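Position chain B relative to chain A; hints supplied.
So the sequence lines, in the order shown, correspond to chains A and B.
Quick note: the first sequence uses our numbering, first residue 1420, plus one each step.
Quick note: the second sequence uses our numbering, first residue 1420, plus one each step.
Simulated from the structure, these hints should not be mistaken for lab results.
Computed from a predicted structure; not experimentally measured.
Each hint should be verified, as a subset may be incorrect.
Which copy is meant is left open, because identical chains are indistinguishable; a pair holds if it fits in one copy or across any two.
No more than 27 angstroms apart at the CA atoms, straight line, and that leaves these computed lysine-lysine pairs for DSSO-like [to be verified]:
# : residue 1 : residue 2
1 : Lys1595   : Lys1699
2 : Lys1667   : Lys1611
3 : Lys1699   : Lys1611
4 : Lys1704   : Lys1667
5 : Lys1667   : Lys1595
6 : Lys1496   : Lys1617
2 protein chains.
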Amino acid sequence: MALLPKVTIAIDVMGGDHGPRVTVPAALNCLADHPDICIVLVGDEALISSNLGHSPPSVLSRIKIIHSDELVTMDDKPIHALRKKHSSMYLAINLVADGLADACVSAGNTGALMVLSRSLLGMHEGIDRPPFVREIPTLTGHCHVLDLGANVGCDAAHLYQFGVMGSIVSRVVDNKPNPRVGLLNVGQEESKGIEQVKEAAQLLQQNPRINYIGFVEGDHIFADEADVIVCDGFVGNVALKTSEGLAKMVGRLLERNFQQNLYARVVGLFSKPILHKLVKQIDPKRHNGASLLGLRGTLVKSHGNADIAAYQHAIIRAMNEASSGLPQLIQKEISEISL
Amino acid sequence: MALLPKVTIAIDVMGGDHGPRVTVPAALNCLADHPDICIVLVGDEALISSNLGHSPPSVLSRIKIIHSDELVTMDDKPIHALRKKHSSMYLAINLVADGLADACVSAGNTGALMVLSRSLLGMHEGIDRPPFVREIPTLTGHCHVLDLGANVGCDAAHLYQFGVMGSIVSRVVDNKPNPRVGLLNVGQEESKGIEQVKEAAQLLQQNPRINYIGFVEGDHIFADEADVIVCDGFVGNVALKTSEGLAKMVGRLLERNFQQNLYARVVGLFSKPILHKLVKQIDPKRHNGASLLGLRGTLVKSHGNADIAAYQHAIIRAMNEASSGLPQLIQKEISEISL
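Isolated chain A, as found in the complex (with noise of 0.2 angstroms):
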């Protein structure tokens, strides 16, 4: 007996630097993966289809094209997406608010995103603002961080808003039964840091249903110490770009050493496979894929410049969020914190 299909997921095709170059392999190689998932890819049908390459039936037929010529831009302000009623990003999200797709994935002006998706899918009852979730990776797997950067100036019942909604992730996502929560702040003491993050402390232990470990510290990031980190947008954007940077760096880095000399040059020849795994260890792209919690629906953005494997991992990220009803769970815990 076929599977039929559990989630369908809408991808907004032209987002991204490498628009449908990226995002429709990514999308073939999800639907030849997962035999339960379907996918409408929205843009330019021409474009769409001189990628569509030689795919079998039993993925082709899981794929409905909605055309679109019309383009939201990096260069769009966010409050003029509204008006682009026919761009791809647009007729993407909306298939979630009419109910014709369980997620959308965009790597398009996360601005515009924002904007669009608060617009059309709306929040959930409760939620002041939907913060920006992602995995960074961490010594043997990943944690939670959020927010990344879609609220800056978070007062301490935002930052509690943020635990409660990344607890929730971390049980859905990686099915982890009781995940540890820390605040990120200056140092671990109680007395460090700003009234606002002291206060979401309170919140955090005095919430049963919330596994609270304390404050954690920029470092601890990578050290599997929480499952979930939660911090103001301002702070996690900075944390997370940092991260990148250092990556960038190391790479980089790798590449110049084992130039500099004969030696060097042979010894990095024997060293690729080894130190190509370790650069793609420690790059936050890997775990593309950031979530904006607290809608009545899913959305993941990926990283604009993301590659296949990349993209693929954003849609993977959607199809878990949406089949396991992540966005109900918060809707119902919110509701429960908020009475």
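Same frame as chain A, now just chain B:
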């Protein structure tokens, strides 16, 4: 003709994880390398003596020992350090306050150091909040990042002062005539970020002595795009510790990856010197030594677990700052912008 000592540095020998075992040999190495400095070692005299080894008279003649058997511990509340008037930290800072030393170096309790130095040395008029500044390694050199944790919740005027002070540091310490000053933010567009950062941008822009280059993001820290990067202490602390954490993870992953099988182990043997170099290149501790700016004297804080080479770096930083008259230059420029 013998060189007359130009700079006298007071060292809180007891501070840090390793105490005299690290601080004394580091002092001896600095004295050997720099015939124009004197060092006052403040701490347990017996412990200091047992770590002096077989130094030549040309080194020993420039050492003075001041005995102290009181200790500021890592658990001491900063305010309690004020009462420990015979501690090595108190006495070492007081030597600068009394004009008997030009700079003080300590690897002890950061909060205590801040309170003691503000109290004993005093701040320049017009300085509201002394920031911690230090070098972060970049692809081809380093940049100065401030504040790294002395002040959380800075307003625009504080950030502006940090920019002015950081610019002087880069001019004086790196001999850069026109250092590029960037403000750390979550995007490069003028509309991005929080109010205080946007206001600070305007203030920096209006100062003709500052080569303000605009907003920079976390990944730009390592890309040699700015010589000075300004941020709130909360954000700077998270950025620094995040990069320390990732650098540590790189070291551990390299170890692990090169142990996975016989091939990797053999290649690892030959790659060792090259990889060791990389781990050093990306380790922020290599640029050990954070100065607390805006005080009427030079104070450099070393990382608590610095090794001898790292601690030497902190002493050299103190020497360079004191010999170039950094505190006086800062006083002059801050008084000019405060008019």
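Quick rundown of the hints versus the structure:
| no. | hint | verdict |
| --- | --- | --- |
| 1 | Lys1595 / Lys1699 | within (25 angstroms within a copy, 36 angstroms between copies) |
| 2 | Lys1667 / Lys1611 | between (32 angstroms within a copy, 24 angstroms between copies) |
| 3 | Lys1699 / Lys1611 | neither (35 angstroms within a copy, 30 angstroms between copies) |
| 4 | Lys1704 / Lys1667 | both (11 angstroms within a copy, 19 angstroms between copies) |
| 5 | Lys1667 / Lys1595 | between (31 angstroms within a copy, 26 angstroms between copies) |
| 6 | Lys1496 / Lys1617 | between (35 angstroms within a copy, 18 angstroms between copies) |
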